[in-house]
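Model the full structure from these sequences, guided by the hints.
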Amino acid sequence: MSINDPGSGASPAISHFEEVEQSEPFVRLKRRHRSFVFPLAIAFLLWYFAYVLLADYAHDFMSTPVFGNINVGLLMGLGQFVTTFAITTWYVSYANRRLDPLATEIRSGLDDGLAARNAAGTNGEATR
Amino acid sequence: MNAWITTAATESTTVGTPWINITIFGAFVAVTLIVVLRASRNNKTAADYYAAGRSFTGPQNGTAIAGDYLSAASFLGICGAIAINGYDGFLYSIGFLVAWLVALLLVAELMRNTGKFTMADVLSFRLKQGPVRVAAATTTLAVCFFYLLAQMAGAGGLVSLLLGIDDKLGQSLVVAVVGAIMIIYVLVGGMKGTTWVQIIKAALLIAGAFVMTVWVLALHGFNLSTLLGAAADTGGAAVLNPGLQYGLTDLSRLDFVSLALALVLGTAGLPHVLMRFYTVPTAREARRSVVWAIWLIGLFYLFTLVLGYGAGALIGADRIKAAPGGVNSAAPLLAFELGGPVLLGIISAVAFATILAVVAGLTITAAASFSHDVYASVIKKGKAAPGSEVRVARITVVVIGILAILGGIGVQGQNVAFLVALAFAVAASANLPTILYSLFWRRFSTRGALWSMYGGLGSAIILIAFSPVVSGTETSMIQGVDFHWFPLSNPGIVSIPLGFLLGWVGTISSRTLENPAVAAEMEVRSLTGHGAEGATEH
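Just so you know, the protein sequences line up as chains A and B, in that order.
Count along the first sequence starting at 1, add 22, and that's the number in my numbering.
Going by my numbering, the residue at position 163 of the second sequence is 151; the numbering climbs one at a time, nothing skipped.
Computed cross-link-like contacts, DSS-like style, restricted to lysine-lysine with a CA-CA straight-line distance of at most 30 Å:
1) B/Lys368 / B/Lys104
2) B/Lys368 / B/Lys32
3) A/Lys52 / B/Lys116
4) A/Lys52 / B/Lys104
5) B/Lys32 / B/Lys369
Facing chain A, from chain B, some residues (calculated, C-beta under 10 Å):
6) Phe78
7) Leu94
8) Glu97
9) Leu212
10) Leu215
11) Val245
12) Arg276
13) Val506
14) Met510
Treat the hints as calculated values from the structure; they're not laboratory data.
Values in this document were obtained by computation on a predicted structure and should not be read as measured data.
Just so it is clear, CB atoms sit at the ideal spot from N, CA and C, and this is done for glycine as well.
This is the structure we're talking about:
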């Protein structure tokens, strides 16, 4: 039995991946990943386009002075930098804590299964 | 001696000399060539040539991404836009930064885990190899070509600005020299050499901008408000408020929304950016790459805010517009004002190095896409003789290099600034929808991918061809005729939703279901990194 090559289409070992996909740890990993990145992606896109539309259509509001020569528009623009840096930092800490350990666990399970199948030669077990 | 240096000379005691610029640029080329030669020793396999043996660390690759991304348009263009149009130039730079969150959250790690060398590796993982690879290679080559042409045209413009060469022959010669050096970098150094060029260039660019930023701030008592006040005194209070550039008419406002869409969604679909994720050993390093890139790019755009307003305050919009190179001369003029000919020489050399590095990155991406996706996977059906794929890639590099030189000479003096925006629009309309669908939507089908890629690419090109940037206005590329019917200069607001829509319609209308087993494999691999190629051992 050949181990599937990246992108080479179907191979007999494949049903194994469907099992992994439905396994509890993988479902948990996928949920943790998507429930974090999707809302965050939508949130930063909304915030960015809110800013763009304000800068594009609400000139008077954006030109309101706050202190010295600093106006609302400049503060909101710098705010985009701050939120970008903050989201980056937040995502990295989340991924390090919540995603990486789980992904590593599932991967090592898969790699062990792969090694077992290789060792068993032609008729490896497809289950974990 | 050109008008700008004469003007500068009357304002200052020292005179900027092209020879200093050329010498410093020559030193950069010499140093990078040595680095490229040293890096080229282990360029044997495709993984070495295309992906630098996947041996770079996250911070190294992040710096290289910044080097790839911060093109001359970012540095000279944004500084100039802020100096002349004030707030609207700053507004423009923000889209370039925020866009990286799309790459960080949705694309970088999953791409690294699923693919080997190119964008098409990911897209064709569970879809039909042949047609999807050809489509992905087509959009990749289109984006690279538009971007490349814009950079080479920029090189011609920089020559007249920085070296005082005004005649057509001299400029063509410099474009040819830039192209030839680039070919050597990519041919000899492969991805490893190219990456080191990007890293060195990014370090020089960011360091140069940092020094000038501190200098400008020091002149204004390290107080941003004082600097803004000085800029407003010279350029009028309007420079502090939005609207000078994009707020003129309802159409120009809508045009900016269209541009903002393309900027924020295009970055994560730029093929030369995507390819950089394969030069690191793991998805974790790919994540670190993006984090480093975001910090470096973000800091750089904060510097350009200070530099732009600094140029507006110290030089003034009128002198900048009158100088050869117009808007693009703001940063070099500021460098001359601050540090005389030596700082001007350094900044000029950095600007040239920027073009060289970006062009090299684009060329290796285009060559990899052609030889890996079209030659090895489609023409040879994955059975190319060992070594032949890299040989084809090297031949492609030379062909693309020559095309870039000819194109760069051909478009000289023409207004092709829209090409960068077009490259982003194509990346956002043709590449990003397919990437996101194939990573996150189980049902996504081959037909959806093809419709989305060809539809996004085609609509972006057709709309730009019939837009005011090509014909019908005083600044259009083609003068004397008017065949435009699309009112905006940026096609994104139409072509990006169309790309997403076509991908969805194509998928729900196709009867053939893709293999669910391969879809499961792709999903497991993309999230866990199982089976992803690690660093090669040497």
